[in-house]
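Each chain, written out:
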Amino acid sequence: MDLLAHLPALQVIVPMLSAPLIVLLQPRGLAWAGATASALVSFAIAITLTLAVLDGQTLEYAMGGWPAPFGITLAVDALTALMLLIVTGASAVALLAAKPSIDQQIELERQPLFYSAWLLALSGLVGIVVAADAFNIFVFMEISSLASYILIAGGPDRRALPAVFKYLMMGTIGATFYLIGVGLIYMMTGTLNMADMEARLGDVTDINPVLVAAGFITIGLALKAAVFPLHVWVPNAYTHAPHMVTVFLAACATKVALYVLIRFDYMIFQAALDGHQIQFALFAMPLAILGILVASAVAMFEGHLKRLLASSSIAQIGYILLGASFVSIAGLSASAAHLFNHALAKGGLFLAVACLAYQYRDLRLSQLGGASTRMPWTCAAFVVCGLSLIGVPGTAGFISKWLLINAALGSGAWGWALVAIILLSSLMAVVYVWRIVEALYFLPPKEGEVAVSEAPMQLLIITGLVAVLNIYFGLFPQVPLDLANSAAVLLVEGTK
Amino acid sequence: MTPETAILVAIIVPLVGALAIALAGRFSANLREAATAITSISLIWVVWGLLPTLMDGGRPSIEVSEIMPGLSIAFTVEPLGMLFAALASGLWLINSIYSVGYMRGNKEKNQTRFFACFALALSATMGIAFAGNLFTLFLFYELLTLSTYPLVSHKGDAATVRSARIYLGVLLSTSIGLFLPAIIWTYSLAGTGDFTAGGILAGKLDDPEIGLLLGLFVFGIGKAAVMPVHKWLPAAMVAPTPVSALLHAVAVVKAGVFAITKIIVYVFGIDFLFDAPSSQWLVYVAAFTIVTASLVALRQTNIKRLLAYSTIAQLSYVVMAAAILKPLAEVGASLHMVAHAFGKITLFFAAGAIYVASKKTEVHQLRGIGRRMPWTMAAFTIGALSMIGVPPTGGFVSKWYILAGAFEANNLVAIFTIIASTVLNAAYFLPILYMAWFEREPVGGKEHGEAPFLAVLALCITAILTLAFFLFNGPVIELESQVVKGLN
Amino acid sequence: MKLLELLGYFNYWVFAIILTVGLYAVISKSNLIKKLIGLSIFQSAVFLMYITMDKVEGGTAPIIQAGVKDQIFSNPLPQVLILTAIVVGVSTLALGLAMVVRINECYGTIEENEILDAD
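Residue numbers (the working numbering), protein chains in the order written: chain A, 1 to 496; chain B, 1 to 488; chain C, 1 to 119.
Hints may be right or wrong, so weigh each one.
Unchecked claim - Just so you have them, the derived chain A footprint on chain C, three or more residues with Cβ under 8 Å:
(1) 44 to 58
(2) 100 to 109
To be verified - In silico contact screen, one side only, chain A against chain B (beta carbon under 7 Å); selected entries:
(3) Val392
(4) Pro393
(5) Ile405
(6) Leu409
(7) Leu423
(8) Ser426
(9) Leu427
(10) Val430
(11) Phe442
(12) Leu475
(13) Phe476
Stated by the list, open to error - FRET-style restraints, in silico, Cβ to Cβ:
(14) A:Arg28 to B:Glu66: 43 to 53 Å
(15) A:Asp157 to B:Trp45: 50 to 60 Å
(16) A:Gln57 to C:Leu4: 50 to 60 Å
(17) B:Arg59 to A:Ala37: 50 to 60 Å
(18) C:Glu114 to A:Arg28: 30 to 40 Å
(19) A:Ala62 to C:Glu114: 23 to 33 Å
(20) C:Leu83 to A:Gly64: 14 to 24 Å
If you are wondering where the hints come from, they were derived from the structure by calculation, not from laboratory data.
Ideal Cβ positions, reconstructed from N, Cα and C, are used throughout, including at glycine.
With the hints as extra help, turn the sequences into a complete structure.
This is how it looks when you write it as structure tokens:
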């Protein structure tokens, strides 16, 4: 076997094994370099895998050489590759920029542990993505969750602690629901391998347990994915986490749960439950629409920068779910594209927030006076990513909005109403993004404050880079679109 | 340089210029002004260099990136766009001369940001002018809105920010809420959004949906300021006068009516639309806007707001001319874009010059000002006469063509509107002229003379252009006739 | 449904009851430690479910003995799975308790409503 064949395993193993090694690194300052190197290697592996997938390959890896139904397997297809890019990319970019912000927020002695938790979270998240085994997904989900609880609670803000506690409660309940669902399916099929499950569920005659399993798994994952109205843990967790952790988690954590949710509801239950996609759509669409509208409205009136963006994230999850609920290739590829584009936009926004937070302790909108003259580059990057979030043409966000609207038009008689909702929420996004822009650009600076200057170069350059990427992928979106399309085809047609 | 590369260069030059201006601004104001001048001169060189190709019937086009199948960023130069680009780039140079005089005379803050954003706005304008399909048009349309936002909110105080919010709110919400759905609808009907001679929708849409789609386009393109989406234009008057002059008399608003004209001609197709009864409402709405805006202008006391409402009325002239759907009227529409541009920029320049010299902003303060500022007021007079449509000004030529088109189409509404609005225009401009030239200045007024030399120079040039357009409009007519060639 | 059939599902009834009891504690208790206890009860329910499903009537521990044929084994896989899940559960509990300690240090209380009032 050549190296490429081992990459799916290495994708998980590299960050997982480097996590404990980081703790041993002396002097303490090296921890950041080690973690970043490991994250970059992961990113490089993800890119290589993506190239292979774009080439038309589907990679399967049997752990320890045990073949599929008996051993544990990892699989990489188009959707997986897209998620891998998002997760490892977000982690690599966040870590590259992280040092100044982390140095400011976390004491040097605790940093190795912090970075080690970061890598564990990363390996958990990529593990979920590549795992082809339902139980493995549970284990990886818990690895990533436990590590992210630590990350969120790692900052100096004491309000993070109750937030994490809430997250821990809800996260554990969600994971346990998922476990119950998996148990029920195992009862009926005797397998944990997802492809195998799909095949064997077709022969199951007593579908009641499968129905219950579908319920448990959908609700459990919706909890983890912060689908409205199961999102209550998100705003506080994102708001009080260390800023760089917010960048990382906001860009990919909830999306990974959504990814698993879509996999289960499109590929596995479909085999046993005739028309399950339709049931799923009927369940998901109202929640998606409500989530989009309610969370956007909340964001419009929110006064704290990070919490505002967190609310917007809930609305954006709604978009992704909405696309999935159309049960069409167009809808799913819009969803998949939005997974990528939203990660780009929101990651950029939270990076810019980290830059601001480096100089401004209080991130309420009313306290950000004079930011534009003191930190012009940060503010410019913020505006670009904000435009991408709104979905202005020429930015990445527009691509997925366009796809989503087209999919909505193709979704039947209600298409126009859905288009109206998407456009309405875009306008709401204009409002909440512009409230921030006005605060950055027009609020007079506070009197008697020490003049603050730009954020450190390292942080700034990466933030600028992400902003540029938002424009780049708005003009040349071929790669994510190709992946999104093949992913959608796979999800819709793969079962037939 | 091939015409194809010239298109891209025309869009990139102001972008590079914006960067150069931002950099030069760190060192010295003179260097920055030099950067602006060089940028605008090279832009003129590039854009006007395309003219011969167009005159010979060439249609250079280039595709930059295919974003999704059927959806691409592509540029095509055709007569309407050529005219718009030539107009905007030419007037930018004059406006830059004026801006230097105005901004320095007024000691404005953040001049570097001002000039850099101005260059950005021009880049977006070029993109609109040369857009080869609806998506590209939309892309640069939004870019223009965003790049002008810092110019409108330039002053930065609470009232300005509020006005700028209206500006951005109206323009963005109409474009996202109406224009974008219209574009998507068009793409889903025709499978393409390319601007094609004769239109792309013929046979793909029936009444009354035609009227509905047209409505989405007309009101979605808020920049055309057809009532009731005109509110942003008076709000935008809080900007420094050069912005009002170039952007809110030429680039931005003309981008609106230009886009509508282009969509009528190249997306719907004139003949297709003429045969669709449900599209006739546009003439009525435009006529209503013309009359109402003129009536509102009558009651304005602030000079710039008066000019803004006058602009709203004049923009609807172009929309109405395009909506008459007859070749002569289409030519009239493009002529009016030019004539109104020259006239209105002169008026705004004059208003700004008065503000710089005397800090006067209200109509009633203009008593006897003709004696203090003879050059400025002479130019103002020429601009006002052009608005009314008195020969020998450019405004007469375009009205002539629009009227001719209206008669050709037997469109009584249009004919009466033009006559009524001419009377109304006279009713709000002539008293100002009378006041300025023949009344006595109130005693104890502030002593002041003419505005800074550069400002006066600029407004004299545009006034001369207004007069010259009466005589030398041949090339424009020849160029624009190409648009309607082969139509009855 | 017949009574016997109902009783046949005895373990699953217990599973459902324990699950609900745990969830109820998590939701209703304001003391953070009690919430964690509730969470542990909640998770134990799932352990019970997995263990129940692997039981094969008459089955023994899955150890192959020399010379004995036609043995019936209980399914070992769910037991292995649940062992892992127990480990996960313990780690979650440990982390949760650690958080409670930190919360107590920072807020001086572990009552949820008092913490909310403190900020």
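Here's how the hints hold up against the structure:
Taking a C-beta to C-beta cut-off of 8 Å, the segment 44 to 58 of chain C contributes 4 residues in contact with chain A, enough for the three needed, and the coverage statement holds. Coverage of the segment 100 to 109 of chain C by chain A holds in this model, with 5 residues showing a Cβ closer than 8 Å to a Cβ of that chain against a need of three. For A:Val392, the shortest C-beta to C-beta distance to chain B is roughly 5 Å, which falls under 7 Å, so the interface hint holds. For A:Pro393, the interface hint holds, since its Cβ comes within 7 Å of a Cβ in chain B; the closest pair sits about 4 Å apart.
Interface hint at A:Ile405: satisfied, since its Cβ lies 6 Å from the closest Cβ of chain B, which is below the 7 Å cut-off. Hint status for A:Leu409 relative to chain B: holds, with the closest Cβ pair at about 6 Å, below 7 Å. With 7 Å as the threshold, the beta carbon of A:Leu423 comes within range of chain B, its nearest partner Cβ sitting at about 5 Å, so the hint holds. For A:Ser426, the shortest C-beta to C-beta distance to chain B is roughly 5 Å, which falls under 7 Å, so the interface hint holds.
Nearest Cβ of chain B to the Cβ of A:Leu427: about 5 Å, under the 7 Å cut. The hint holds. Taking 7 Å as the C-beta contact cut-off toward chain B, the hint placing A:Val430 at the interface holds, the least distance being around 5 Å. The criterion of a C-beta within 7 Å of any C-beta in chain B is met by A:Phe442, whose closest approach is roughly 5 Å, and the hint holds. This hint holds: A:Leu475 has a C-beta 5 Å from the nearest C-beta of chain B, less than the 7 Å allowed.
Taking 7 Å as the C-beta cut-off, the interface hint given for A:Phe476 holds, the closest approach to chain B being about 6 Å. Between A:Arg28 and B:Glu66 the CB atoms are about 50 Å apart, so this pair conforms to the stated range of 43 to 53 Å. Between A:Asp157 and B:Trp45 the Cβ separation comes to about 57 Å, which falls inside the hinted range of 50 to 60 Å. With their beta carbons about 55 Å apart, A:Gln57 and C:Leu4 fall inside the hinted range of 50 to 60 Å.
For B:Arg59 and A:Ala37, the Cβ-Cβ distance of about 54 Å falls inside the hinted range of 50 to 60 Å, so the restraint holds. For C:Glu114 paired with A:Arg28, a C-beta distance near 36 Å keeps the hint of 30 to 40 Å intact. A beta carbon spacing of about 53 Å between A:Ala62 and C:Glu114 contradicts the range 23 to 33 Å that was offered as a hint. Distance hint check: the CB atoms of C:Leu83 and A:Gly64 are about 19 Å apart, consistent with the given range 14 to 24 Å.
Going through the hint list in order, the structure does not satisfy hint 19, though it satisfies all others.
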